[in-house]
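Number of protein chains: 2
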Amino acid sequence: MKSIPVVRAEAEMRELTGRWRRKGLTIGLVPTMGALHRGHLSLVELALRRARRVVVSVFVNPAQFGPGEDLDNYPRDLEGDTVLVAEAGGHAVFSPPPEEIYPPEHSTKVVVNNLTGTLCGAYRPGHFDGVTTVCSILFGIVGPDLAVFGRKDAQQLAVIRRMVRDLHMNVEIVQGDIVRENDGLAMSSRNAYLDPGERRDAALIHRAMLAAEEAVKGGERNAERIISMVSAIIESSPLARVQYVSLVDPHSLQPVPALNPTGLLAVAVYFGGTRLIDNTILTSGSQEED
Amino acid sequence: MKSIPVVRAEAEMRELTGRWRRKGLTIGLVPTMGALHRGHLSLVELALRRARRVVVSVFVNPAQFGPGEDLDNYPRDLEGDTVLVAEAGGHAVFSPPPEEIYPPEHSTKVVVNNLTGTLCGAYRPGHFDGVTTVCSILFGIVGPDLAVFGRKDAQQLAVIRRMVRDLHMNVEIVQGDIVRENDGLAMSSRNAYLDPGERRDAALIHRAMLAAEEAVKGGERNAERIISMVSAIIESSPLARVQYVSLVDPHSLQPVPALNPTGLLAVAVYFGGTRLIDNTILTSGSQEED
Chain X
1 MKSIPVVRAE
11 AEMRELTGRW
21 RRKGLTIGLV
31 PTMGALHRGH
41 LSLVELALRR
51 ARRVVVSVFV
61 NPAQFGPGED
71 LDNYPRDLEG
81 DTVLVAEAGG
91 HAVFSPPPEE
101 IYPPEHSTKV
111 VVNNLTGTLC
121 GAYRPGHFDG
131 VTTVCSILFG
141 IVGPDLAVFG
151 RKDAQQLAVI
161 RRMVRDLHMN
171 VEIVQGDIVR
181 ENDGLAMSSR
191 NAYLDPGERR
201 DAALIHRAML
211 AAEEAVKGGE
221 RNAERIISMV
231 SAIIESSPLA
241 RVQYVSLVDP
251 HSLQPVPALN
261 PTGLLAVAVY
271 FGGTRLIDNT
281 ILTSGSQEED
Chain P
1001 MKSIPVVRAE
1011 AEMRELTGRW
1021 RRKGLTIGLV
1031 PTMGALHRGH
1041 LSLVELALRR
1051 ARRVVVSVFV
1061 NPAQFGPGED
1071 LDNYPRDLEG
1081 DTVLVAEAGG
1091 HAVFSPPPEE
1101 IYPPEHSTKV
1111 VVNNLTGTLC
1121 GAYRPGHFDG
1131 VTTVCSILFG
1141 IVGPDLAVFG
1151 RKDAQQLAVI
1161 RRMVRDLHMN
1171 VEIVQGDIVR
1181 ENDGLAMSSR
1191 NAYLDPGERR
1201 DAALIHRAML
1211 AAEEAVKGGE
1221 RNAERIISMV
1231 SAIIESSPLA
1241 RVQYVSLVDP
1251 HSLQPVPALN
1261 PTGLLAVAVY
1271 FGGTRLIDNT
1281 ILTSGSQEED
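Protein sequence lines correspond, in order, to chains X and P. Numbering-wise (this note's numbering), the first sequence opens with residue 1 and increments by one. Numbering-wise (this note's numbering), the second sequence opens with residue 1001 and increments by one.
Hints listed in this document are in silico derivations from the structure and should not be mistaken for laboratory results. Keep in mind that the hints are not guaranteed to be accurate.
As the list claims (entries may be wrong) - Reference excerpt, derived from the structure (chain P facing chain X, CB under 10 Å, subset only): (1) K1109; (2) F1139; (3) G1140; (4) N1170; (5) I1173; (6) Q1175; (7) R1207; (8) S1252.
Note that CB positions come from ideal geometry on N, CA and C, so glycine has one too.
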């Protein structure tokens, strides 16, 4: 199998991308926290369709975990990840130690306001500051022409897009689809935490969202009723604890009272100590504006 | 005289720098708020010694002015500025309208903590967030190899350096010296606000700092005594109102009780409604550490 470099040091990464750039090769970046699954690999494939060289960063970013979250337990398997990236056709893994990214007296943050107060942002204060800061840093080091993010974390994608627009960063943000297990559960590195019962019931999340789509096809537009239905389906499992079910404007991420004509339905659910998220865009058949 | 482009649109700026970059020409950026004087032009000359192409940005950045500050009255003379940049050998002026830099719903900030609570930062809340945000944006658009900042605003220079380090930005920060009028007053676009009496007495700022340097040569190391002396000299003018005189660690910008062995002496003084700043590095003869 093709062997690809696993780069730890910033200087080495810059050296490699500099060499590619001088040859006129475009560069795609897929930022990840590792523990790669088919969802990540679909992002690598998407990057490969758009760029001549693809770097996958594997960095469990301490700045985006809150106190009591799963930083210490987050699954890590750099060797396995590297094999998967190589098999998918990626050209390098960038896996810096935390002190390379955050040197002593690190004191700069990139903060996106207005998109970060709802959905996950309401429950994970500081999380998106950590995400935008580390993405700025990764963009600074790798200098990619494009970066690919999955739309499973829809808020993250919106926040990153806003940051790139607002700071006039010279990078295109490309959106990858959600990849699902056979029973519909969105792929996530955190699925590995689920015990067999939780794993089985976690499929209810997607089932609830399909039911919402069906209801909308049937004419439903009311946010409150859609949210109640989705919550009820998920909470039909005694193992599920819904953190939020929200219907928001896909642009502003602010709650909407009804589809008009689209809305982002997003959910966060705990199964035991494992927090899972998922989302779908709902579009009512009628395109009329209120 | 050589005519140089005055670029208003981001896309046009990217086009120009992209052309230079493809030719292998290095790019220097001198960010300014216009109303250029010899201090700015010395930065252009410094940039020209280090880069093959030099862009001077002229942008009166609303985000770095507080309520009640002089945003509306800040001197503007784009035509005159362009002549000066061309004469100095610069290659382009970038002067975007505010809505090009801050599109509707702009909601991203770059924030440096820890260096912004003292000196000017203590009196101008949000000022440095505005500075770091606009510099990130200008770096994003121009993509310079190096950017030149004068050391008259020593805190700005320290904050920008910290931002570039912390976000791993691919730009070298180059420091330019303070350029002074014949009587020692540091050049500033705001000097134009001074009436003749204020202009005459404003020279006391530099005179006070020279006196501090002399005292240090004579063995003085105590911060309180140095600060008292500097304040007294400046306040010998009834037109002067000292905002602060501080002796801080040049790295952390935190106040120090004594030189050990160096300290940044920084002052902000109002003459009428005009706020002037200046600074100098004091180094005691003794190099011993406490």
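Verification of the hints:
1. K1109: holds, 5 Å
2. F1139: holds, 9 Å
3. G1140: holds, 4 Å
4. N1170: Because about 6 Å separates P:N1170 from the closest Cβ in chain X, which is inside the 10 Å limit, the hint holds.
5. I1173: violated, 14 Å
6. Q1175: Violated. Min distance 19 Å.
7. R1207: violated, 35 Å
8. S1252: Nearest chain X Cβ about 8 Å off; hint holds.
The structure fails to meet hints 5, 6 and 7 from the earlier list, while all remaining hints are met.
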